[in-house]
Every structure is written in structure tokens, then in C-alpha cells.
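Go by the hints and put chain W onto chain S.
Residue numbers (my numbering), protein chains in the order written: chain S, 1 to 313; chain W, 1 to 325.
Do not take every clue at face value.
Said to hold, decoys possible - Incomplete in silico selection of chain W near chain S, CB under 10 Å:
#, residue
1, 106
2, 141
3, 142
4, 144
5, 148
6, 149
7, 154
8, 160
9, 256
10, 280
11, 296
Stated by the list, open to error - Covered stretches of chain W (chain S as the covering partner; in silico rule of three or more C-beta atoms under 8 Å from a C-beta of chain S):
#, region
12, 14-21
13, 257-265
14, 286-293
Keep in mind the hints are simulated off the structure, nothing from the lab.
These numbers come from a predicted model, not from an experiment.
Idealized CB from N, CA, C, for every residue including glycine.
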Amino acid sequence: MTMDSERLKPPGLWARVFDSDIWYSFTRSKVIMAAAIVTFLIFLGALFAPLIAPHDPFDMASLYLMDSLTPPMWEAGGNPVYPLGTDDQGRDILSAILYGSRISLAVGFASVAFAAILGISLGLLAGYMGGRVDSIIMRIADVQLTFPSILIALLIDGSVRSVFGGIDREQSAFYVLVFSIGLSFWVQYARTVRSSTLVEKDKEYVQAARLIGLHPLRIMASHVLPNVMGPVLVIATINLALAIITEATLSFLGVGIPSTQPSLGTLIRIGNDFLFSGEWWIAAFPGAALAILVLAVNLLGDWLRDALNPRLR
Amino acid sequence: MLAFIIRRLVQSVVVMLVVSLIAFVMFRFIGDPVDQMVGLETTVQERELLRQQLGLNDALPLQFWHFVSKAAQGDLGISYQFKRPVADLIGSRLPATLELSFVSALFALLMGIPMGVYTALNRESVLSKLFLTISLIGISLPTFLIGILLIFVFSVYLQWLPSFGRGKVVDLGWWSTGFLTVSGLKALILPSITLGLFQMTLIMRLVRSEMMEVLRTDFIKFARARGLTNRAINFGHALKNTMIPVITITGLQMGAIIAFAIITETVFQWPGMGLLFLQAVQNVDIPIMAAYLLLIALLFVIINLIVDLLYVMVDPRIRIEGAEA
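The shape of chain S in the complex, shown without the other chains:
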């Protein structure tokens, strides 16, 4: 008996990772490995921005107006103190990018989490309950799916800001963004979870759980949910890039993060005003950072979708 359990002991987490198909397909592609490394580095940079950034772009006291609009250090008039130059307020671009990607990633993760939680709950409810609950939720989803998500995010953003007009913009901008981006992305999760729930709910383990009198919510949360999570993770990865783009777009359009605590989109918006006067670096470096981040996350998401899709193997 003891020997049996010894032998059946599952291998450790790392052993399972290195033995998996995903790890194999990961090591096969140089592009994916590069994308993963880049993503990881940007995550690290964003996470430890306060430690590695040469300046604190939010600390107004440390800004020197004399140093404003300094070009990058390799250009004439550049200053090695500001490797990528400064903006019109004398903020160091490199530090602003590090702090900015922190905000961009935070909005991205939070809105994906919000969309996933909302979509999963509604999808579970629709799939498990069926009937009128199902048709109401899915009709709303259908109508919403007709419109591009950026339009919906803009509408929600405008409405929310007018309802809570009195609240401080700087404090609320983050939550308003997460709310509007999350609310514009939930449909995909709901549809996927609903269709897997429809399959799962007729299986024997669910019937057994129902037979012993468990509460429907309990069945949904602890029995059906773990079995429908697989595809959700893939959607979440792909959506992360989309959420970052949406945040940047909204901030660029001037309805996102305010310029006192700039995200990457806000930085590009600020730099856009200086394109014609020759200060190209204010928009160019945050733009490049955003492009690299989105490209890397997109590549990872696509690869994950293909690697996890059994039909493509």
C-alpha cells in the first residue's frame, strides 16, 4: 500500500512543466523565447520601477524646468543624466516609461481580471441555469458584440465620468478605465464559459453533486468552474495585449489616465504635441516601448492558443 502511494506520487511542479508539451513547443521557437524574455524584462522593469528608475517623475520637487526638453544623451545638447531625454516639464523619459508601463500593465491586468470574473460568472449562470436567465444574458452579449469594444469603452467611460463628475479625476481615472475596458471585454469569456458549461452540466459528476443536494451556486463554483477554466486562460492572455492597447488608446484620446501620472498612452499624447517642433523623443520612446510590449504579449498569446489547441497538434 505504501509502495503504491509512493509510486503514484505525482511528479513535482517543475518536473511536470519541463515534461509538458507546452515546454517542448516553447523551446522549439526562438521568436517565442525572445518574446517571453522581452515580456519578462518589461514586467520586471514595471514592477521595480521605483528601484531602478533614475528619477521619480511624480516628484514635482525634483524636476528642474531648466532641464526640460533635453534631447537623448547621444544627440547634441544631450545630458547623460537623462539617457532618453526629458519632456516639457523636465521629466526623465526613461523613468516616465518605466513608471508608465507600470500603470499600463496595472490597468491591463486589472481590466482583464474584471472582464474575466464578470464573464465567467455570467457565462456559468447562463449555461447552468438556462431558460430566461440564459436568453437575457446572451441577448445582451449579442447586442454588445455588434459594436467594437473601443466604442463601448468610450461610451462607458463618458457615462461613468458624468455620473461621478464631482470625484477627483486623478483618483478615479484608474478605476473608471478598468471598469470601462473590463465591461467591454466580458462577452468573449461569457460565451466560452457558457458553451463549456452546457457540456459539463450533463456529466455524471454534476448530476451526482445535484443528487446529494448541493446548492447550485456551490456546484457552479467548485465543480463546474475548474473544468471550464482552460480556454479562459488563453482568452485572458490574448486579451491582455488588447486591454493594454485600449488603455493606451483611451489615454491618448484624452479620456484615460491624466498627465500627472502618465501611462504609456498619456506619454505619447504629450509627445504628440511636440512632434512638429522637433522634439521627437518625447513620443518616440514611449511609442516604441508600447509597441514592443504589445507585440511580445501578442506573440505569446498567439503561441499559447496554438500550443493549447488540440486540433492544431
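Only chain W this time, still in chain S's reference frame:
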């Protein structure tokens, strides 16, 4: 067939009703309409009178009915910021957006289809790989970044093309067009590339995968066996059979182009509907937001309906299914 059309029509009406309900709720409950229209010194009695005149004291279903019937007649309320009828404002901005969207769609089709065919036929060539890389970047980069990049290269650095506005427009009474002047046409180039790039990559990838699929089928093999030229096989047989999904996607993407025009119009200060809508969002001008929502919904519904009908006409399999259901 008739049953199918009627069912789709009913569905469209339901969608429009739901959207107008949302627009009505926005219009009625986000911010007090009376507060937005009058100044601070207006007395309570005057406000009450205005409420009565505007019908804000009626039962809600009745108000909704008034809202819908007025909207159907083109009366979409008065803008809070411009103090002008919303319908007039949108009408004056509509030509700019429609011309931009039209040119973008044309660009996407004229570039996307040949590139898709080329990459499907020459899968290993360097140019194909280049096209695919460009398409990956086109799909990954946000629209506004592409716009800024184009402005920087072609307006700031090379100084070939204008970076904002429509150039000189010719007023035809009810329609102002930029197609008739050189500066108008030049002003169209950068914005329509920006707006159409995503759709171009989408069409290119679609044509490529459909072509590759069709080229494997038996009737292509049979055509080869008959000794037809490569040209006749590739374009006469293969490409023709990929056109059905391309038409569908292009139709559906038309709506997306008009909606994404919001971003492009902001980058290029293009005086269209999208810019109007964005200003409305920034200044919380609810009547314009609600009207824009209704208009876009109407466009989407009409486009979807046309695409569905085209599909039924082109593909007999759907016709049979539709007749049975």
C-alpha cells in the same frame, strides 16, 4: 427565403430597440437634462415649467416612446455644448467620415487581396515573409501609433503630405467633398492608410488562408488536369471561390472602420463624426453620445442585414437551411 428575411428584419428591429433603450437611459438619467440647458439663475418655477414642456414628468414608457418616435424622424435633441440640433451637427460631419471610411476600405481591398494571393502562391518567397511580418505588426500596433509614425515620416521628416484636416473641400450643397481638389486628395492619403491598415492585414490573411485551402481541393486538381494555364486556375477558379468570405468580412468590417475612425480622426484632426463624438465624450455631451450610438447601431444593423442577404443569394446551402427553419 422570405421567412429568413423577415426573421432577420425582426431581429434587427429588436437590436435597434435595445440600443435606443440604452441611448434613452443615457439621455434621461445621466445628468439632469434641465440642469444642462438652463443657467444657474433660473428659478424653480421656470425649471418646473421647462420640465413640463420637455415631457420629463410623463410616465417613463411614454417618454421612451416619444424619444424613439422623435429619433425616427431625425430629431435627436440639442447638443449641450454647441446649443445646436444634434442631427444638424452630425449631418455636417457625416461626409468627412464616410469619405475617409470609403477610401480606407478601398485601400484595404486593393492592397489586401493582391498581397493575399501573392503570399498564398509564393509561400516561401522573401516578399511573402515580408508581407506577413508587416501584417503581424499591422495587427499588433495600436491605430494611433501608426498614425503618429506616418505623420512623423511623411509630414514632419519628408514634408510630402499634410498631417491634419481635409485640405480644400468643395461644397456641393448637402455634401462637402475632398475628392475634387488636389489638396483634398493629398489630405486623404495618410488617414486612410492609418485607418485601413488593420483591415488590409485582415483581408490579406483571409485571402491567403482561403486560397491555400481552395488550391488543395479536387476541382483545382481537375482544372490542372484539363491543362488550363496557371493564370486561369489561380484567378479564374481559385480566387473567385475565396471571394465569398472576403465580401462578408469586408462588409462586417465597414462598421468597424467607421467606429475606429474616432481614433484616426483625432490623430489627424479630421473634421468628421468621430472627432465630434470624442469631444462629446470629453465634455459629457450626452445628446451627441446617444445620437452617435444610435447612428452607429443603425449602420451596423443595415450592413449586417445586407451581408446576410448577399450571403443567402451567393451560397445556396444557406438558402435551403433558411427555408427549412
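Results for each hint:
1. 106: At 20 Å from the nearest chain S Cβ, residue 106 of chain W fails the 10 Å test, so the hint is violated.
2. 141: Holds - the Cβ of residue 141 of chain W comes within 10 Å of chain S, reaching about 6 Å at its closest.
3. 142: Holds, about 5 Å.
4. 144: Holds: closest Cβ of chain S sits about 5 Å from residue 144 of chain W, inside 10 Å.
5. 148: 6 Å, holds
6. 149: With Cβ-Cβ at 7 Å, under 10 Å, it holds.
7. 154: At 12 Å from the nearest chain S Cβ, residue 154 of chain W fails the 10 Å test, so the hint is violated.
8. 160: 15 Å, violated
9. 256: Status holds, d = 5 Å.
10. 280: 7 Å, holds
11. 296: 7 Å, holds
12. 14-21: Our answer is that it holds, as 3 residues pass the Cβ test (under 8 Å) against chain S, meeting three.
13. 257-265: This one holds; 4 residues, not fewer than the three required, reach chain S with a Cβ under 8 Å.
14. 286-293: It holds, with 3 qualifying residues against the three required.
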